[in-house]
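Protein chains: 2
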Amino acid sequence: MARDGVDLLLLTTEADIRWFSGFLTAFWQSPTRPWFLLVPAGGLPIAVIPTIGETCMARTWVRDIRTWSSPDLVDDGVGLLVETIREIAGRGVMSGNVGSVRIGVPMGAGTHVRMPLAELERLRAALPGGEWRDASPTLNALRAIKSEREIAKIRHVCLAASRAFAALPDIVAAGMRDIEAFRAFTIRCLEEGVDDVAYLVGAAGRGGYDDIISPPSGRALAAGDVLILDTGCMHDGYFCDFDRNWAIGAVDAAAHDAYRVAWEATEAGLAAARPGVRCDELFATMDRVMAPHAIDASGGVGRSGHGLGMQLTEPPSLMAGERTALRPGMVMTLEPGFAFAPGKVMVHEENIVITEDGCELLSERAAPELPVIGV
Amino acid sequence: MARDGVDLLLLTTEADIRWFSGFLTAFWQSPTRPWFLLVPAGGLPIAVIPTIGETCMARTWVRDIRTWSSPDLVDDGVGLLVETIREIAGRGVMSGNVGSVRIGVPMGAGTHVRMPLAELERLRAALPGGEWRDASPTLNALRAIKSEREIAKIRHVCLAASRAFAALPDIVAAGMRDIEAFRAFTIRCLEEGVDDVAYLVGAAGRGGYDDIISPPSGRALAAGDVLILDTGCMHDGYFCDFDRNWAIGAVDAAAHDAYRVAWEATEAGLAAARPGVRCDELFATMDRVMAPHAIDASGGVGRSGHGLGMQLTEPPSLMAGERTALRPGMVMTLEPGFAFAPGKVMVHEENIVITEDGCELLSERAAPELPVIGV
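Those sequence lines, one after another, are chains A and B. Going by my numbering, the first sequence opens with residue 3, and the numbers climb by one from there. Going by my numbering, the second sequence opens with residue 3, and the numbers climb by one from there.
Everything labelled a hint here was simulated from the structure, so no lab data went into it. As the structure is a computational prediction, the values presented were derived from the model and not from experiment. Where hints are given, some of them may not hold.
Not close to chain A: a few residues of chain B, all C-beta gaps over 10 angstroms, as computed [said to hold, decoys possible]:
| hint | residue |
| --- | --- |
| 1 | S23 |
| 2 | R35 |
| 3 | I54 |
| 4 | P118 |
| 5 | L314 |
| 6 | I375 |
If we take Cβ atoms under 7 angstroms as the criterion, some of the chain A residues that face chain B in the derived model are [to be verified]:
| hint | residue |
| --- | --- |
| 7 | F29 |
| 8 | S32 |
| 9 | L192 |
From the three backbone atoms N, C-alpha and C, an ideal C-beta is built for every residue, glycine too.
Isolated chain A, as found in the complex (with noise of 0.2 angstroms):
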């Protein structure tokens, strides 16, 4: 913080506050109340919150913890938090005084500030001569190398989802509606030990499916349909991210062809993926295998993969242009897809920790040909 002239961290997500304090809750859920974490150079965060957040915020590390009865019409938080900032300054722990604050907010690509931007606009309005600096290079940085004990967590959802992506031929059958395939799918998820499904997206269709983030239509499954499914479940706040694809019966060699390619297009990814080596040569690497065979690189996905923790998809992107370099306990998903025919799209995914020397799969390895789900 202090090299990038940065004298406090001002934090509104749910991924940013539990990274620092360890607060750990579905309340998120709820768009009604803001929270906040104050991140002070050289000082303890301070957490100013709803009351009913207190209990819960107390068994977490962070001792110093202000709290409002929330909804407040009147003022609803932006108060108490520019006296905290403005006590903060005060200290001595900042370069300048309050007139010269510098607050640091997440302000690059995939962040949002979880705050109304009326109350926003206020809390800029009451430290005139603040500074706001983009936080995100350096929670970048930080947030994508996990400890061990963060990959423990990744590891233990990874493999209970690859349990129960071996478990679907025994749950799913042509003449299932996809509704029920997916609900199947999720108690599997929680019998094998997840705390939540908390994504799902997945498709079906003839020799090959096309968008996979639509919710299931109802449609039955049927003898020559593609099915994938995708799922970020979470153990301890974490996700994993991978997906499955099987065949329902006899399907077009076509698929099992381009099946066999995005598989190979992982296997280069996953001899290839090691520290120093930047995220779009990864890219271009998996790419290479693929283009051959794709009349549209990428399946619309846009990248071959992403960081993955405590959000489904973290930075950074595998992609071409994107040169951050892979470091040890980067987790990633390789996630290498392409449109093989018209409207026919077929994407891979693992998940892997960057290690001192190469990488080490999370998920259990998907099959090297495409599995048939018998009728």
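Fit chain B to the known structure of chain A by using the hints.
This is chain B only, laid out in the frame that chain A set:
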């Protein structure tokens, strides 16, 4: 919009975009990409979205869909957004020209702008004469009144969750760890037909619970505990939000008494909720029942209910000072709670819809006496 002096709405969040478009996807879990919906006064909505969402958006009633390949390290959508806003302004559906375009963005309580702050500032700079106005009052008024089809979806998920709650004594017992009770309840909700258990919190403590938003601790349920579970399950993109309490075997009489008080407070709320009654009046009605028994009203929650729909919690709040009047079609929670002893809170919750002459329960009414799970 004409009345409010707004030429177009700029929407960035899941619920706002879905309310106007019908765009339903789990993909919002990924924070990587921004999504935009523009709603011109007198014109049809225009989606400005990442390519990955094009097929899903094309299934909605939105016909004008503009996409860019996201993520894009140089321009992640703002260029296309600016171009589209300028085009709308040029159509002459606006009151003025591009230089004075009046852009409505939700800025009020419970909202945020879901795009990077740096990009929002770039957008503002690209529209130098733009007037930015708070669209929250308009959107809150629109979204608060649910259609019959919306009410049917919420009723469906309320009844499924009611059946899961009713089954709890059969699936939970003393000796079971709280995290396993959460998991068993989640699975039961799915078996009863919900699409997703997007929100589940709860607590158990000897003679009463304190903090209901912390995650399960791993502690085993024991005779003498009061257990609460509070869930926001989903069906077709709509939430329920209510809780239930149980005694594990014999518990202190104080907990039974507190349960009865909260139940009577809910009864008073059910009897009072009708069109024309203000939120602060309904709050006071429930508060009067609890006040003689409370060492701390509202149990730290800060209110006794709220709107419900595409979000777990929506405006308006049932609280002092909230003068919004109930109207037919509003779906609300009644959520009276109070501390009946130091560190012991009792919270009840039901979901209702305001009708022409009163209200109708959407959740199955809780039992008038604290249900006991045998040990």
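Checklist entry - If you take the shortest Cβ to Cβ gap from S32(A) to chain B, is it below 7 angstroms? => result holds, 4 angstroms
Checklist entry - For S23(B), is the shortest beta carbon distance to chain A beyond 10 angstroms? => result Answer for S23(B): holds, closest chain A Cβ roughly 13 angstroms.
Checklist entry - Do the numbers back the hint for L192(A), that is, is its least Cβ distance to chain B under 7 angstroms? => result Holds, about 5 angstroms.
Checklist entry - So is R35(B) really clear of chain A, every C-beta pair being over 10 angstroms apart? => result violated, 8 angstroms
Item to check | Status of I54(B), Cβ more than 10 angstroms from any chain A Cβ | outcome: Per Cβ check, I54(B) is inside 10 angstroms of chain A; nearest 5 angstroms; violated.
Checklist entry - Does the claim that L314(B) lies off the interface hold, with its Cβ farther than 10 angstroms from every Cβ of chain A? => result violated, 5 angstroms
Checklist entry - Is the nearest CB of chain A more than 10 angstroms from the CB of I375(B)? => result holds, 21 angstroms
Checklist entry - Does the interface hint hold: is F29(A) within less than 7 angstroms of chain B, judged Cβ to Cβ? => result holds, 4 angstroms
Checklist entry - Does the claim that P118(B) lies off the interface hold, with its Cβ farther than 10 angstroms from every Cβ of chain A? => result violated, 5 angstroms
Checked against the numbered hints above, the structure breaks hints 2, 3, 4, 5 and satisfies the rest.
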